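Asks: Letter by letter, the chains look like this.
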Amino acid sequence: MRPKENMEEFVKIRKPDVTTSREMDKRTMDDSLAAMEQTMRAKSADHKPSTARIITPSRMIKLTAAAAVVIAGISFYVHQGPGEQNDTIIVAEALESPSEIMTMKSLKIAYHRGGVEAIENQCEKALKILGPQPASISTAELFNGSQS
Amino acid sequence: MAVSLIGQVDLMVEDNILVWKFNRGSKDALRRIYEKFKDDLLGLAITLLRDRSLAEDVVHDVFVSFAGTVGSFHLSGTLKGYLSTCVANSARDRNRLRSPRLTGPDVVETACCDSDGPIENAIGIEESGELQDLLARLPYEQREIIVLHLHHDMRFREIAKALGISINTVQSRYRYGLDKLRSIMNSVVTK
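Heads up: the sequence lines are chains P and X, in that order. Quick note: the first sequence uses my numbering, first residue 1, plus one each step. Quick note: the second sequence uses my numbering, first residue 149, plus one each step.
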């Protein structure tokens, strides 16, 4: 009867001494490498960066791009927002006489650029060019008179 | 003892470096891991299944599955322990699927009784190192734990965790397995 320790030793020292065949090595490594590449391809497809990420790979470039967008926005606002009334004035100043200022075409342009307020500004500009006129004078006479 | 511990730590460090490289897509690391453990794992699979062809399939499948975990593999214990557990689990599944007539004990029984006499037979078993034949007479669950503990240096706690059973179950299977091995050898000698 063997004691437990002897039995353990008996089993331990008789560990099977086997080696893999060359065919098995080749088959296993080929399939394993293929599985590895497949997983890596799948993972890289999952983590494919968006266009924005490709363009802006670094933090510095991201900040620069953000700053450029903000500056563009501000300059657009400056030129398109408050500048509408200035545009109306520029239109009025470019025209030579009050009759030209008060044409339907120029008033329409003023309305599109600055609304009713721009039309009022344009009218005031025309009246300034005409100067003081008697209250009895009609609109037609006013503009015809200025032309003459 | 100290030298043995240092050696174990060295091996663990090496394993961790290999796993680190493997997770970063190093084919050399995968090749190195395979070269390092293939013989041990094949030995384990043969001991458990008693069929070299099936055992080769098991080791192949384990490595292919392992390779598929590249980039996300997390090693909590030893690499050898992890791979041994994978082989043991895969071998158990294969063992369940195959026909009962192909399992070890019957084959070994025939092989043992072909000898001249019981004493010669027992001596022959010991001298030729045919432990495989003896282990094949044990129930699969006992054989699995004895081999993982004694040939693959896995602690009972590790085995219990890997197989999803309690440590008490592992220890009792181990004890019963050794007792049965002893009684098999005694019966061969006293016949």
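Source of the hints: derived by calculation from the structure; they are not laboratory data. Warning: the hint list may mix true and false statements.
Under the rule of at most 25 Å between Cα atoms (straight-line distance), these lysine to aspartate or glutamate pairs were calculated in the DMTMM-like manner [stated by the list, open to error]:
1) X:184 <-> P:46
2) X:228 <-> X:187
3) P:26 <-> X:204
4) X:309 <-> X:162
5) P:26 <-> X:301
6) P:26 <-> X:176
7) X:175 <-> P:46
8) P:15 <-> X:301
9) P:12 <-> X:176
Because the structure is a prediction, the values reported are computed rather than measured.
Asks: Next step is simple, just say for each hint if it's right about the structure.
Replies: Okay, the hints, checked on the actual structure:
With a C-alpha separation of about 32 Å, the suggested pair residue 184 (chain X) and residue 46 (chain P) falls outside the 25 Å cut-off, and the hint is violated. Distance restraint check for residue 228 (chain X) and residue 187 (chain X): the Cα-Cα separation of roughly 12 Å lies within the 25 Å cut-off, and the hinted pair is therefore satisfied. Between residue 26 (chain P) and residue 204 (chain X) the alpha-carbon distance is near 12 Å, which keeps this suggested pair within the 25 Å criterion. Among the hinted pairs, residue 309 (chain X) with residue 162 (chain X) is consistent with the structure: their alpha-carbon atoms are about 24 Å apart, no more than 25 Å.
As the CA atoms of residue 26 (chain P) and residue 301 (chain X) are separated by approximately 28 Å, the hinted pair breaks the 25 Å bound. Proposed proximity of residue 26 (chain P) and residue 176 (chain X) is supported: the alpha carbons are some 14 Å apart, at most 25 Å. Taking the CA atoms of residue 175 (chain X) and residue 46 (chain P), the gap is near 21 Å; set against the 25 Å cutoff, the hint holds. Our distance criterion of 25 Å between C-alpha atoms is met by residue 15 (chain P) and residue 301 (chain X), whose separation comes to about 12 Å.
At most 25 Å may separate the alpha-carbon atoms for a hinted pair to count; residue 12 (chain P) and residue 176 (chain X) exceed this at roughly 32 Å.
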